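> Turn these sequences into a full structure, and let the hints guide you.
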Amino acid sequence: MDLPELLEIAEKERNNYKPIRVHCCTSTGCRAANSVAVKKNLEGAVKELGMSDRIQVVGVGCMGFCGNGPLVEIDPQDKLYERVEPEQAASIIDSLNGGTTTAQEGDFKHPFFTRQKRIVRETSGKIDPERIEEYIAAGGYQSLYKVIHDMNPAQVVEEISKSGLRGRGGAGYPTGLKWATVAKMPPGQKYVVCNGDEGDPGAFMDRSVLESDPHRVLEGMAIAAYAVGASEGYIYVRAEYPLAIERLEIAIKQAKKLGILGSQIFDSPFDFKVSIRIGAGAFVCGEETALIASIEGGRGNPRPRPPYPAQSGLWGCPTLINNVETFANIAAIVREGADWYASIGTEKSKGTKVFALTGKIRNNGLIEVPMGITLREIVEEMGGGVIEGEVKAVQTGGPSGGCIPSSLLDTPVEYDSLVQLGSMMGSGGMVVMDDTTSMVEVAQFYMEFCRGESCGKCIPCRVGTVQMYQALTKILNKQATMADLEQLEALCDMVKCTSLCGLGQSAPNPVLSTLRYFRDEYLALIQK
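Going by numbering that gives the first Met the number 0, the first residue of the sequence shown is number 0, and it counts up by one from there.
FYI, nobody ran anything at the bench for these hints, they're computed from the structure. Remember, predicted model here, so these are calculated numbers, not experimental data. For glycine and all other residues, C-beta sits at the position ideal for the given N, C-alpha and C. Among the hints, a few may not be true.
[Stated by the list, open to error] Restraint-style ranges between C-beta atoms, simulated for each label pair:
#: 1; residue 1: R298; residue 2: E239; range: 12 to 20 Å
#: 2; residue 1: S311; residue 2: H148; range: 26 to 34 Å
#: 3; residue 1: P173; residue 2: K477; range: 41 to 49 Å
#: 4; residue 1: G388; residue 2: G336; range: 45 to 53 Å
[Said to hold, decoys possible] Each computed DSBU-like pair below joins lysine-lysine, with the alpha-carbon atoms no more than 35 Å apart:
#: 5; residue 1: K255; residue 2: K39
#: 6; residue 1: K39; residue 2: K11
#: 7; residue 1: K17; residue 2: K108
#: 8; residue 1: K78; residue 2: K108
#: 9; residue 1: K145; residue 2: K256
#: 10; residue 1: K161; residue 2: K116
#: 11; residue 1: K39; residue 2: K256
#: 12; residue 1: K256; residue 2: K183
#: 13; residue 1: K252; residue 2: K17
#: 14; residue 1: K39; residue 2: K78
#: 15; residue 1: K11; residue 2: K272
#: 16; residue 1: K11; residue 2: K255
#: 17; residue 1: K39; residue 2: K116
#: 18; residue 1: K125; residue 2: K256
#: 19; residue 1: K161; residue 2: K252
#: 20; residue 1: K78; residue 2: K359
#: 21; residue 1: K78; residue 2: K46
#: 22; residue 1: K252; residue 2: K125
#: 23; residue 1: K456; residue 2: K473
#: 24; residue 1: K125; residue 2: K359
#: 25; residue 1: K359; residue 2: K116
#: 26; residue 1: K347; residue 2: K116
#: 27; residue 1: K347; residue 2: K183
#: 28; residue 1: K347; residue 2: K125
#: 29; residue 1: K46; residue 2: K17
Right, dumping it as structure tokens:
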């Protein structure tokens with residue numbers, strides 16, 4: 000396939016669009032609220048009313064406002080309907096013909112939508128994720144064609160480096176630097192791995208991206224493979240994401256059929272094939288060396304670094320590992336340029352970040368915001384504040400992160416500022432807590448999670464997380480003394496400094512952050 004053929008597919012697809020497109024969310028969140036039945040009834044109403052010539056019902060990915068699903072959008076009229084019941088579907092179609100509907104109308108002018116900046120999710124909720132033609136019609140795979148025919152690998156690496164993109168899966172390692180390290184390794188077998196093993200409680204960013212726009216991730220992986228000299232890639236997805244896996248399988252099959260994946264991509268010498276590996280749900284497999292062990296067929300245990308995967312990874316070969324959101328940024332950076340991307344965000348945190356906004360918040364769902372926006376803007380303006388009472392804390396970074404008190408909500412959301420507060424960006428979970436929340440119970444919950452997810456390979460994590468959980472339980476039962484509290488703090492320090500991998504090294508963060516900002520809650524439970 001060449002560029003004219005790609006553009007011809009795009010034009011043909013756009014010409015087939017009907018004047019009115021009814022977008023019905025069919026991602027996991029809305030499916031749980033019966034959106035599949037809503038879509039079926041929408042299609043039935045279009046046929047029954049004889050409006051098939053001008054109305055097209057499209058099953059799309061996540062629109063973001065998950066707590067108000069099922070969601071239906073009318074394009075190009077910019078109308079949104081929320082909590083749609085299957086019985087209301089026919090009236091929505093009838094309203095397009097002059098009738099009325101009983102469906103609850105939403106508001107695209109709400110800060111939840113207007114404060115977003117969509118790069119990763121620019122086509123999510125707008126296209127059918129199971130049709131490659133719709134992705135191509137939205138400009139898909141043109142960035143891949145551009146790098147193959149207009150850029151050499153070193154130029155691609157330089158463009159990603161100039162953009163300032165940092166890894167969206169955890170600590171924010173510079174993406175361009177990681178790519179450059181793999182690219183500099185001697186020619187030979189190299190791999191590109193997409194880490195889709197999203198396991199943080201309350202997090203569903205990567206799942207939604209894979210369900211809504213799988214081709215965007217595949218295109219990012221292919222561009223990365225071209226840049227570093229890899230010919231094979233793997234997407235590692237947890238088994239709890241069946242819809243994401245199903246849509247990835249469809250996307251890979253479609254891309255191979257069109258010659259966009261496989262051999263001699265876009266009539267060039269570049270070959271790249273992608274396979275899916277399904278994880279069994281071990282949280283530790285989000286750590287890159289444990290993930291590699293799992294792909295190889297072994298137990299998902301981490302190993303000491305160095306050597307890093309960029310030097311010796313999958314089957315001992317240089318391996319580039321980025322997460323879903325990182326790869327989903329790549330095509331847009333190539334298309335719009337590094338300077339464009341670098342102009343968004345802050346000096347050290349460029350671009351946007353996708354968050355799963357959950358907890359005791361009025362408006363929960365998936366948001367994509369420019370780096371530098373404050374926690375207060377996200378929680379109070381976009382999220383609408385807590386349902387009752389006052390905001391007490393916001394937990395970011397999952398089990399690896401920390402709890403930030405309401406007094407610090409004016410903190411900008413960027414990598415370094417969150418670390419200074421004892422938390423981290425992580426993959427993008429953001430849990431809002433109100434003033435009825437016990438912060439000691441929150442710390443215990445995350446420690447119970449880390450205790451259960453420890454692979455057991457190193458003693459500090461295997462034993463330390465158990466002892467920290469026991470200490471927290473003792474405190475909550477009002478059986479602890481000040482000596483027990485001091486021992487808990489010492490345990491946190493030991494586990495953080497001596498554990499083998501990131502799971503153990505960050506496991507104490509929720510405890511340390513709650514001790515830092517909510518120490519009075521601990522002291523109130525201590526025996527005098």
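> Taking the hints in turn, state whether each one holds.
Hints versus structure:
1. Restraint check, R298 to E239: a C-beta distance of roughly 19 Å satisfies the suggested window 12 to 20 Å.
2. At roughly 32 Å, the beta carbons of S311 and H148 sit within the given window of 26 to 34 Å.
3. Remark: the range hint 41 to 49 Å for P173 to K477 is upheld by a beta-carbon distance near 47 Å.
4. Hint check: G388 to G336, Cβ distance near 46 Å, so the stated range 45 to 53 Å holds.
5. A hinted pair counts as satisfied when its Cα atoms are at most 35 Å apart, and K255 with K39 qualifies at roughly 30 Å.
6. Distance check on the hinted pair: K39 and K11 sit about 26 Å apart at the alpha-carbon level, within 35 Å; holds.
7. The suggested pairing of K17 with K108 holds, with an alpha-carbon distance near 25 Å, which does not exceed 35 Å.
8. Straight-line distance between C-alpha atoms of K78 and K108 comes to about 11 Å, which keeps the hinted pair within the 35 Å bound.
9. For the suggested pair K145 and K256, the alpha carbons sit about 20 Å apart, so the restraint of at most 35 Å is met.
10. Under the criterion of a C-alpha separation no larger than 35 Å, the hint pairing K161 with K116 is consistent with the structure, at around 20 Å.
11. Distance hint between K39 and K256 is fulfilled; the C-alpha atoms sit about 29 Å from each other, no more than 35 Å.
12. Distance restraint check for K256 and K183: the Cα-Cα separation of roughly 32 Å lies within the 35 Å cut-off, and the hinted pair is therefore satisfied.
13. A distance of roughly 27 Å separates the Cα atoms of K252 and K17; the hinted pair therefore holds under the 35 Å criterion.
14. Restraint check: the Cα-Cα separation between K39 and K78 comes to about 19 Å, which is no more than 35 Å; the hinted pair holds.
15. Distance hint between K11 and K272 is fulfilled; the C-alpha atoms sit about 27 Å from each other, no more than 35 Å.
16. Only pairs whose Cα atoms come within 35 Å are accepted, and K11 paired with K255 is accepted, the gap being roughly 20 Å.
17. Distance hint between K39 and K116 is fulfilled; the C-alpha atoms sit about 31 Å from each other, no more than 35 Å.
18. Distance restraint check for K125 and K256: the Cα-Cα separation of roughly 23 Å lies within the 35 Å cut-off, and the hinted pair is therefore satisfied.
19. In summary, the hint linking K161 to K252 is supported, as the alpha carbons are separated by about 33 Å, within the 35 Å threshold.
20. For the proposed pair K78 and K359, the alpha carbon gap of about 27 Å is at most 35 Å, so the pair holds.
21. Between K78 and K46 the CA atoms are separated by roughly 21 Å; this keeps the pair inside 35 Å, and the hint holds.
22. For the hint linking K252 to K125, the alpha-carbon distance of about 21 Å falls within 35 Å, and the restraint holds.
23. A C-alpha spacing of about 26 Å is found between K456 and K473, which places the hinted pair at or below 35 Å, so the restraint holds.
24. For a cut-off of 35 Å, the pair hint linking K125 to K359 stands: about 29 Å separates their Cα positions.
25. Note on K359 and K116: the hinted pairing holds, with a Cα-Cα distance of about 24 Å set against a maximum of 35 Å.
26. Restraint check for K347 and K116: the C-alpha separation of about 18 Å stays at or below 35 Å, so the hint holds.
27. Between K347 and K183 the CA atoms are separated by roughly 25 Å; this keeps the pair inside 35 Å, and the hint holds.
28. Only pairs whose Cα atoms come within 35 Å are accepted, and K347 paired with K125 is accepted, the gap being roughly 31 Å.
29. Note on K46 and K17: the hinted pairing holds, with a Cα-Cα distance of about 14 Å set against a maximum of 35 Å.
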